[in-house]
Amino acid sequence: GESVGLHLPTLSVQEGDNSIINCAYSNSASDYFIWYKQESGKGPQFIIDIRSNMDKRQGQRVTVLLNKTVKHLSLQIAATQPGDSAVYFCAEFSLSGGYNKLIFGAGTRLAVHP
Amino acid sequence: NAGVTQTPKFQVLKTGQSMTLQCAQDMNHNSMYWYRQDPGMGLRLIYYSASEGTTDKGEVPNGYNVSRLNKREFSLRLESAAPSQTSVYFCASSEPSGGNYGYTFGSGTRLTVV
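As you go down the protein sequences, you meet chains F and C in turn. All residue numbers for the first sequence refer to our numbering, where the first residue is 3 and numbers rise by one. All residue numbers for the second sequence refer to our numbering, where the first residue is 829 and numbers rise by one.
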């Protein structure tokens with residue numbers, strides 16, 4: 003079975019409800035943020051990104067909100083479906099060691115119940 | 829349309845054995861990365877290669893070496909495997925020069941060291 007996500011915070015929602023996954027980032031100078039979805043046994047997949055000059059961006063059923071004042075990022079999923087069950091990671095694009103790299107958060111597991 | 833390909837998908841090693849994890853991308857990306865993923869700890873950067881001919885240490889490089897064989901391939905070597913290196917390893921690539929900083933990930937190699 004899948005070992006990743008066993009010790010992560012879990013958000014449980016009913017199918018059809020809206021989900022909100024939160025993330026705090028560390029570097030106030032970070033100017034680009036991404037949400038990734040990781041399904042069991044697979045690598046992370048890009049969902050949506052946002053630049054620091056924006057506070058909201060919408061995709062298909064997903065919205066990312068950025069609050070730079072408190073260094074907080076959230077991912078909203080509308081009408082959550084069983085296929086949305088996965089671990090979700092936020093990532094900030096940060097200058098580190100002289101090179102810009104993506105720094106990942108620990109992740110949140112989303113469990114969708116019928 | 830393969831994206832990032834990792835081999836092998838699964839591997840069991842005895843303590844002290846060596847092995848090389850292979851990664852290849854067909855998207856003409858300049859930058860490539862190796863991450864490890866442990867339960868509850870998200871993705872941690874082992875090594876990265878900003879461009880062909882360069883490699884640099886990430887957050888957790890000890891016990892690993894890398895080779896950027898050409899633009900397509902970036903391998904990760906464990907010279908003397910230890911149980912602490914039991915993890916899921918992901919390779920990723922990106923092309924930041926195009927203004928898209930997102931990474932494309934492979935499907936991972938699940939390594940167990942006994």
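The reader is advised that the hints may include incorrect statements.
[What the hints assert, rightly or not] With a Cα cut of at most 25 Å, we get these calculated DSS-like pairs of lysine-lysine:
no.: 1; chain 1: C; residue 1: Lys899; chain 2: C; residue 2: Lys885
no.: 2; chain 1: F; residue 1: Lys58; chain 2: F; residue 2: Lys70
no.: 3; chain 1: C; residue 1: Lys837; chain 2: F; residue 2: Lys39
no.: 4; chain 1: F; residue 1: Lys58; chain 2: F; residue 2: Lys44
no.: 5; chain 1: F; residue 1: Lys73; chain 2: F; residue 2: Lys39
no.: 6; chain 1: C; residue 1: Lys842; chain 2: F; residue 2: Lys39
Read the hints as simulated data drawn from the structure, not as lab findings.
| Hints breached by this structure | The structure breaks hints 4, 6; every other hint is satisfied.
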